[in-house]
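Given next are the chains, with one letter for each unit.
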Amino acid sequence: MGLFILRRFGVMLLTALCLTFIVFFLTNLYPNLEKLAKTQGNQRMSDEQVQTWLDNRGYSDPLLTKYGRWLGVMPGFTNTLNDGQFVGTCVRPGLTPEETPRFCGIVQGDWGYSTRFKADVDEIIWKRLGNTLYLMMWVMILMVPSALIVGVLAGMREGSRTDRSLSTFSILSTATPEYVSGVIFIAVFTSSTVGLKWFKGTATQAMEQPTFENFFLPVLTIALYGMGYIARMTRASMTEVMTAQYIRTARLKGVSFPNIVLKHALRNALIAPFTVIMLQFPWLLNGVVIVESLFNYKGFGWVLVEAAGNNDIQLLLAVSVVSVFVVLITQLISDIGYVYLNPRIRIS
Amino acid sequence: MEPLGTFEIIIRVLYQLSSVWIALLLLFALSIAFKRRLGLYGKLFDSPIGMIGFALVMFWVFVGIFGAMDMIITHDPLSQVSGMKNKVPGTPLAGAAEGDYAWYLLGGDNLARDVFSRVIKGAWIVVQIAPLATLFAFMVGITLGLPAGYYGGRLDTFLSFLANLILAFPVILLFYLLVTPEIVATGLPTMMAIVLFMFPIVFLCVLLNSRYRTQPAFRTPLLIGVLGFALWLYLALISENGYLVRSIPGLPSVLDPFDIPGGILVVFVSVVFVNSPTVFRIVRGLAMDIKTRDYVAAAQTRGEGPWYIMLWEILPNARGPLIVDFCLRIGYTTILLGTLGFFGLGLPPESPDWGSTINEGRKLLSIYLHPALPPALALLSLVLGLNLLADGLREESLKD
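So the protein lines, in turn, are chains A and B.
Counting from 1, position 288 in the first sequence corresponds to residue 288 in the UniProt record's numbering; the numbering is continuous, with no gaps.
Counting from 1, position 89 in the second sequence corresponds to residue 89 in the UniProt record's numbering; the numbering is continuous, with no gaps.
Next comes chain A alone, as it looks inside the complex (with noise of 0.2 Å):
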């Protein structure tokens, strides 16, 4: 298991350093490096500008040693401009050219500076992470009882009415994704012309002072659309559960429908879809990126929209790292919960 586990975060720092190359080299291509010239400097630069620009402050690099500076495996680059302004990777507002480190990366510690932002990148990704997670917190409250509850009734008795009407109603919220209930939910229950006016139809408060008023609408549209896919796996693993022979001898021997279900079959039903409930994750990020920038509430997702909007190579790269850790993460945990949960599987 040891051994197991060790392997798995081998092979997950590999695939990090893998996709952090990758957008490495796509938020360094030259168009995408013009634009950011262009947009940290002023927009009507000529193309000589830019190139200087890019000169100045070491983006005309070769890319290998580029990314090792990110890394921290190879010392920033500083320069001189010539109207004395100290430049570089590794220059940070408040400290003077002889207090600057020569090295600053991930092995550092030193995420970077957004140049989107004027601020550290770690303190920034630390700041939204919180909104978000906190956001994620209440989808997650709100989705995984909802959906077993619905999937074990559904599975309870296959082919019931209340099988057929559950198992539309994961079906139409599978097919229904984060933008388009967003709107319809915003519609019928925010709009100030025709609506309930039930809720507010943005977040932006709910980052300072989250009430039910304004938080409730994007919880409930991110949890509704992974709700029907995790309720479609426990109903079918709890359908293949009570057609299971010891559950047949239960039921010879008397015990009590309610009882059958709580006592007999729900532990085993709940061991697939804890696995969709972990692999989950990677999606709700979705949904978080579209739920954030139509509820306007300033989490991850909004950084990631502005820092890939911006082409602000550091923070993307920090908000890669993020999501792919997290993505990694999950499908350990998904795997070793697994082993836990069902003895019948052994890793060797």
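The set of hints was computed from the structure by calculation and includes no laboratory data.
For each residue, glycine too, the CB sits at the ideal point set by N, CA and C.
Among the hints, erroneous ones may be present.
FRET-style restraints, in silico, Cβ to Cβ [what the hints assert, rightly or not]: (1) 107/A to 158/B: 26 to 32 Å; (2) 259/A to 288/B: 37 to 43 Å; (3) 233/B to 188/A: 44 to 50 Å; (4) 101/B to 45/A: 47 to 53 Å; (5) 165/A to 83/B: 42 to 48 Å; (6) 243/A to 300/B: 31 to 37 Å; (7) 335/A to 10/B: 48 to 54 Å; (8) 127/A to 158/B: 38 to 44 Å; (9) 65/A to 158/B: 24 to 30 Å; (10) 21/A to 300/B: 51 to 57 Å; (11) 165/A to 155/B: 34 to 40 Å; (12) 158/B to 25/A: 17 to 23 Å; (13) 321/B to 39/A: 46 to 52 Å.
Dock chain B against the given chain A, drawing on the hints supplied.
Relative to the frame of chain A, chain B by itself:
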């Protein structure tokens, strides 16, 4: 001219769609009449869920096709009529000339364009791109997944690592990195297209060659014919103004009947790119399962080549789950296209596709509902139809 009431709007929309109803009725009448002779497709008409799903899907397919032939739309989806900005459904057209349709059936959007016509035109974009992109993703996934599952070993480890690599990318981040005008300017999407569009040709070539290898007299002309046509199509798809990528010469413009605008190509390529690893994983799993069967052992004993076994023994026996996944995946691709439109990536901003229209409509959502709701409901119903269709197919294919 009076504004239309709700009832009248519904009647007029239904009337506008009459060609679609006729086509749907014909299709269903014919299919039900001959359902016993149509295999799995015919069996679909035994399950009510499958039938509802199929009806929804075909409705949008017909809307897309007839809409592209300008049979349904009432106004030009791009033209702006002054005085019609954000007007509610059923508003009479301001300054209507002779021969113009006199109302905006579903109202006008914030640029004073007809919402109804835009939704209809948007259907065509989805109906064109989604199935085709899914098909390409399947070709890529099958061509790589079959050998990975069949041979296993190093090849499998390497390909699985690559697939997991792409799957570990959050889709939105990938879209934000790939689908930008800057990336289109570098020619990277075209290069990806060159690689990805190669797979269907390889697939076809191997498929036919492994089947007719023993009859060279038949195989050689067949391969030349099919490959020639496929290669021409391939070059025509990729090359623009006689060039593949900037300096590499491609197909001369004389032989190049159609150009795909860079925006559409990058959307297409990135959707294929995102979908193929999942297909790869499914095909690989199926191949690993099926290769232990007796008929595969029998074929190996007969001395059949590995590609024959993969493509003519394993693949046909994996078709059930693959067809079901194909339907689900078209739905997922539709959602992805909508996501791209929603973030304003790839397609031009005035494009009538549903995602872009929702994106535009949401900005004024709390005051005007009508521009955003029709495309949202359209997308919902199409994806729902595809999901129901997949469910019906799964149910029916499990029966035998």
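Does the Cβ distance between residue 158/B and residue 25/A fall inside 17 to 23 Å? holds (20 Å)
Holds or violated: 34 to 40 Å for the Cβ distance of residue 165/A and residue 155/B? Violated: the Cβ-Cβ distance is about 47 Å, outside 34 to 40 Å.
Is 46 to 52 Å right for how far apart the beta carbons of residue 321/B and residue 39/A are? Roughly 48 Å apart at Cβ, these two residues keep to the hinted range, so it holds.
Should the hint that residue 107/A and residue 158/B are 26 to 32 Å apart at their CB atoms be regarded as holding? holds (28 Å)
Hint says 24 to 30 Å; check whether the CB-CB distance for residue 65/A and residue 158/B agrees. For residue 65/A and residue 158/B the Cβ distance comes to about 28 Å; the hint holds.
Taking the CB of residue 233/B and the CB of residue 188/A, does the distance hold inside 44 to 50 Å? Given a distance of about 46 Å, which is inside 44 to 50 Å, the answer is holds.
With 47 to 53 Å as the target window, see if residue 101/B and residue 45/A comply at their CB atoms. With a Cβ separation near 49 Å, residue 101/B and residue 45/A satisfy 47 to 53 Å, so the hint holds.
Just tell me: holds or violated, for the beta carbon distance of residue 165/A and residue 83/B against 42 to 48 Å? Hint holds: Cβ distance 47 Å, inside 42 to 48 Å.
Whether the CB-CB distance between residue 243/A and residue 300/B falls inside 31 to 37 Å: holds (36 Å)
Distance restraint hint 37 to 43 Å, applied to the beta-carbon atoms of residue 259/A and residue 288/B: For residue 259/A and residue 288/B the Cβ distance comes to about 40 Å; the hint holds.
For the range 38 to 44 Å, tell me whether the beta carbons of residue 127/A and residue 158/B fit it or not. Since residue 127/A and residue 158/B have Cβ atoms about 39 Å apart, the given range 38 to 44 Å holds.
Is the hinted range of 48 to 54 Å satisfied by the C-beta distance from residue 335/A to residue 10/B? Holds: the Cβ-Cβ distance is about 53 Å, inside 48 to 54 Å.
Violated hints, listed in ascending order, are 10 and 11; each of the other numbered hints is respected by the structure.
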